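*Asks:* Assemble the complex: chain A is given as a structure, and chains B, C and D must be docked to it using the hints.
Chains as they are written, first to last, in our numbering: chain A, 1 to 379; chain B, 380 to 758; chain C, 759 to 1137; chain D, 1138 to 1516.
Hints are computed from structural coordinates only; laboratory data are not their basis.
All of these numbers come straight from a predicted model, not from anything done at the bench.
There may be inaccurate statements among the hints.
Straight-line C-alpha distance at most 25 Å; calculated SDA-like pairs for lysine to any residue [what the hints assert, rightly or not]: (1) B:Lys-666 x C:Ser-1058; (2) A:Lys-179 x A:Arg-229; (3) B:Lys-663 x D:Ser-1398; (4) D:Lys-1351 x D:Thr-1440.
These stretches of chain A come out as covered by chain D in the derived footprint (C-beta under 8 Å, 3 or more residues) [as the list claims (entries may be wrong)]: (5) 285-291; (6) 297-303.
Built from N, CA and C at the ideal position, the CB exists for glycine as well.
Protein chains: 4
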Amino acid sequence: MKAKLRYGMVGGGPGAFIGDAHRRAISVDDTARLSAGCFSRDFEKTKQQGEALGINPERCYEDYKEMARIESQREDGIDFVVVVTPNASHYEVCKAFLEAGIHVACDKPLVTESAQAEELKRIADEKDLLLMVTYTYMGHVTSKYVRDLVRDGEIGTIRTVMAEYPQGWLYNENDWGGKQGEWRCDPSQSGKVNCLGDLGTHVENAVAMMTGLKIKRVLAKMDVVVPGRKLDDNDQILVEYEGGATGINWTSQFAIGCDNSLRIRIYGSKGTILWFQENPEEVKMIKEDGIPRVIKRSYSAITPGAAKYGRLPAGHTEGWLEAMGNLYDSFAECVYAKEMGTFTEDMIDYPTIESGIQGLKYVEACLKSNENGNVWVEV
Amino acid sequence: MKAKLRYGMVGGGPGAFIGDAHRRAISVDDTARLSAGCFSRDFEKTKQQGEALGINPERCYEDYKEMARIESQREDGIDFVVVVTPNASHYEVCKAFLEAGIHVACDKPLVTESAQAEELKRIADEKDLLLMVTYTYMGHVTSKYVRDLVRDGEIGTIRTVMAEYPQGWLYNENDWGGKQGEWRCDPSQSGKVNCLGDLGTHVENAVAMMTGLKIKRVLAKMDVVVPGRKLDDNDQILVEYEGGATGINWTSQFAIGCDNSLRIRIYGSKGTILWFQENPEEVKMIKEDGIPRVIKRSYSAITPGAAKYGRLPAGHTEGWLEAMGNLYDSFAECVYAKEMGTFTEDMIDYPTIESGIQGLKYVEACLKSNENGNVWVEV
Amino acid sequence: MKAKLRYGMVGGGPGAFIGDAHRRAISVDDTARLSAGCFSRDFEKTKQQGEALGINPERCYEDYKEMARIESQREDGIDFVVVVTPNASHYEVCKAFLEAGIHVACDKPLVTESAQAEELKRIADEKDLLLMVTYTYMGHVTSKYVRDLVRDGEIGTIRTVMAEYPQGWLYNENDWGGKQGEWRCDPSQSGKVNCLGDLGTHVENAVAMMTGLKIKRVLAKMDVVVPGRKLDDNDQILVEYEGGATGINWTSQFAIGCDNSLRIRIYGSKGTILWFQENPEEVKMIKEDGIPRVIKRSYSAITPGAAKYGRLPAGHTEGWLEAMGNLYDSFAECVYAKEMGTFTEDMIDYPTIESGIQGLKYVEACLKSNENGNVWVEV
Amino acid sequence: MKAKLRYGMVGGGPGAFIGDAHRRAISVDDTARLSAGCFSRDFEKTKQQGEALGINPERCYEDYKEMARIESQREDGIDFVVVVTPNASHYEVCKAFLEAGIHVACDKPLVTESAQAEELKRIADEKDLLLMVTYTYMGHVTSKYVRDLVRDGEIGTIRTVMAEYPQGWLYNENDWGGKQGEWRCDPSQSGKVNCLGDLGTHVENAVAMMTGLKIKRVLAKMDVVVPGRKLDDNDQILVEYEGGATGINWTSQFAIGCDNSLRIRIYGSKGTILWFQENPEEVKMIKEDGIPRVIKRSYSAITPGAAKYGRLPAGHTEGWLEAMGNLYDSFAECVYAKEMGTFTEDMIDYPTIESGIQGLKYVEACLKSNENGNVWVEV
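One chain only, chain A, in its complex shape:
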């Protein structure tokens, strides 16, 4: 059923990491078939990539707008598009496909300003289209299990959330991290923000998704630490949530020894939950007896809404690609239901455009707080 879906891709040319990752994530479950693409600004590269991927040459497009137009008119046109271009062009590309009536899956961050995101939302709503923002980490069975535990009151009322996402790859002032690092550290490509946009939005999204808490205000200290850098590479942020819970969000790019260390610790009135992205097969929960329990992806304790995304039995590890695959599983199911007329809102189990908007508002509030000398700013 879902296997009959067709998708197109904008971006993801030869050597591009993230486009490749999206394709693998979709193919691991055979969720949809890649049928069209505008993989590069360079048409030769698009054609070359199309051939390597076995795409019909006439569906390899020089221009994404043309792709949107033509695919929306083909009888066998794509059901959704995957947008994996550089961040600065997300807005224009997403807009083109939404306006052509095609559902969109867009890599994070969705766009660069919340106003753009609001505009995309307006179009999507008007056209009754779906837009997913691929916050990969929320695809893990364990992330969804944490969400269910909190929602079901297993740890009572949340009191404080310690969230962090340190990386270490940009610690060296003489090493700008290659292609991936250079554009992130370059204000002309990244705007006003580096680390917080790349990592901080994941933190914000993870806490929001897992706890359901909404940020009321932030007090942000955004520092440029490694000599020679021009944008933030260490962000230490006090957070107040609606309802009174507090928290700290920390992101860094120079934390040697941290590969990709998104870690969420949620302290409630009846228990604590610990989740660590680098060990995504398990959740640690401590309840009032103080005894840590480790619950793994495939254990019978896992809630049905999370367990259904698992593929392999206990002790057979799943990883990052499978997490992204899970997002596409839900998204494709929703796209298919839209087409069949069976869609309902409660089917959505992926980060929507709302998540994209919240992430951008979070970044904007932090920037304002930092510019004003580390004062509280409402989100």
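*Replies:* Relative to the frame of chain A, chains B, C and D by itself:
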């Protein structure tokens, strides 16, 4: 290049776990395209599965022998077949495809007796064909890294190897583990051996592949422990390797708390290496200073021959499917090279028919040792 | 030599935890012999405790001032006094013994206001006396090893320090933690501060001792979270150090699952060091190759200035009492050297009155920051 | 009460590790006061040590037999003696004190042959005296908790026990481990056995104490591995217990990276318990839901019979000295009760002479099995 390869599958009908896993593992790298199949003894199910997988109906076969014959004659015939039928039929199926001149990837255990495996080897050699046995765990980057560390003398001469593979899923005398467990525990389907055949062969293969050691003799205690069972569910085996190293191999199916706990600990004259399948993203090595070092899949310390199999950057976990995918990556490269006439033996980086033979001889020697009252038996 | 030292104790009556702990810590190395005491405000209890501890009855005192006076005049009088009374009386007791010319070891926090601490320092300096504040955790071999690693430049310039000390014992609004909790949560006994005074001062001291950094300013959010409490039970504090390093200090008393989780993470330009009080036998260090190394208390890599405090070989764990014992080892050595006239400043390897003063200034600055709406306050 | 007990020591002269450790362990709880000693064969050293320890010079003895005689006659004579001489002399020293009517605490191994141990038992029984063998690790709160869990049926019927005690300090053929290693590796001092006597007896005792299982028979492979050694340094032993449970005991002295890694894993019909000496503050238990739970020394889940030995609150670590101190706590309580006439057998909570006998029989059976080519030998 490799993407142009076509493969067929025997077994892997609707609901079959392992066939599904092989298909995912191949698709995660787009290593080859599924083009033909005989997915079930029930032709209706084969056709149904073929449709679900988008296979040309005329290449959905009622009989695997017919499939072997026809595919070997088609111009666009399959380059290799994946055999994921129940163990008892592996021999006949592999033989049919080898005799038809088609390369074979077969799930482990290859066959049920070493004589059968020798026969398959004879045919494959005669026809100049490749046969891979999919010992999944040896596909991990970290497994290959351990192999390279040992080969490069990083831990000196190996003195003893503590290897174990406990699972817990069959601990309960009133729970036979569903379909998966029932045939394993049934002598009429599994022959003389259960736990040792299922898990012990993985242990044997892992130690052989990582250390290069050959077993000289074994002293096996194979126990039937859980009430009601008729085949071994706990095996504790003393091992002597050629050259004098010793070891213990332990496998169990009632070890509560062990999901799939293949763990290899290698003690050498200059250091120790620890590898644990449930944490396949890292290797722990301790050298003469006694300080444990943890090296992860994507670190620069990883040897090139292992690192080349990684897909994702540090901190983005890969898992079991990717490990199996790595086996197929090497196998497909070799199949392609065979076709191009560029194949050389040193390209092989997957478990061959020799591994399958060794596994069977290990099981046969253990059975003999146990039947004779736990005495030493040469392998 | 050191065994000939005699000490007295004020506080530490029957059932008092901390006095008992100090006595054990001193006896584990036979560092000094308990020879006099004023263990309780209730003279009967003092006499009873004195008998239980084998103290000469005539050296069991009804009044600590009398004890200070008489012991300072006896030929076999105590060499130092250990002050383990409730915090509010530390100032008066320490002052009495200093004025009598007796060295002092005082439990932390030293006093309740920095002005008092400055006064004690003035007296001690004037009388050429030693005063130790027993920040236990800094007695660990591993704490001292971290200090040495940082001092020796092993991790380059410090960039940020993530320090935390969450506990969970006061999470329950209906459970005030017994005697220990009740006075801490009671403004009439604890003044303006609870969690930050109890735990925050340990954090401040640990970072100061390990890194040598001095706090320039703080921005503190001190929250009263558990319903019914009147004093802070969760403190989240942004810190700026002289020289530009930043940090976050977090302390909490409702973090379920955290027993006594003082954890210091130090990120430098060339490496990272992780130290965790609940696992005090090891230090984790990651240098530029990204590979975590775990160095244990008794390994040859440990610096001599830290290693000298170890008692047991590798794998024989030492704990909290031994850490406190280490503080007394250094203190007693200094006291003895003072008496012998061989004392030099560089012999001091325990937290001095300066540490006490810094801790109080830290608390005072945090209180001011919090009262003024979470603004930066210079320390 | 207990503090009024007096003890003497034979062995434990200047620089001796184990005598020092026993003294610290006794003093950490002020369990008894050292009042007499024959610390060395060299009377000068005995006097010197006596002075350092503050012993009355007339109770520093040149000869242990004289000490036994005189102390047994003094009104203020010692209540028990601690024997920490080299193993070969344990028998004679213990015998002398037992015959003089003095209770004995002896370091392990008790003696060198089971017949000697039986003889000591005969004397002790005849004289109604207590004899403790200080298997330190069984003093931990957590060891006792494991015993209670098994006894209370928490993990059902035990099926297999994987026990190991690898060390790495003697891995290097050019390093004989100093004084400690040299006598162990020297047949003229150690007899027929090295590693198994030193470490294997701890393994045997730990399993016996924790599980209550009695060994029925063993099949032992005892290897001399490091070049130049003459006694076993690696022992891999199959065990069968009465009642049908099985197990493997592994001890080694060349396992690089293992400091002192006594680890016991107990697999039962309803759960699994894991205990690791290097992390003695916790027990991991997994029951039928497969979820690992970590229970720490001071948690309310700890059984009363184990919890009573704890000194410090959660998160304040206790270690090896405290474990040995716990043995002395129980022993001293029993000695005192004997003197008061209130002793009952159920007060004993320390390893008795029976443990010593079992350990020796275990070693003797293993030696016989190994000499006969790795065959089963009844214990």
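*Asks:* Does each hint fit the structure? Answer for all of them.
*Replies:* Hints, one by one, checked against the model:
no.: 1; hint: B:Lys-666 x C:Ser-1058; in the structure: holds (13 Å)
no.: 2; hint: A:Lys-179 x A:Arg-229; in the structure: holds (15 Å)
no.: 3; hint: B:Lys-663 x D:Ser-1398; in the structure: holds (16 Å)
no.: 4; hint: D:Lys-1351 x D:Thr-1440; in the structure: holds (24 Å)
no.: 5; hint: 285-291; in the structure: holds (count 3)
no.: 6; hint: 297-303; in the structure: holds (count 3)
This entry satisfies every hint, going by the numbered hints stated previously.
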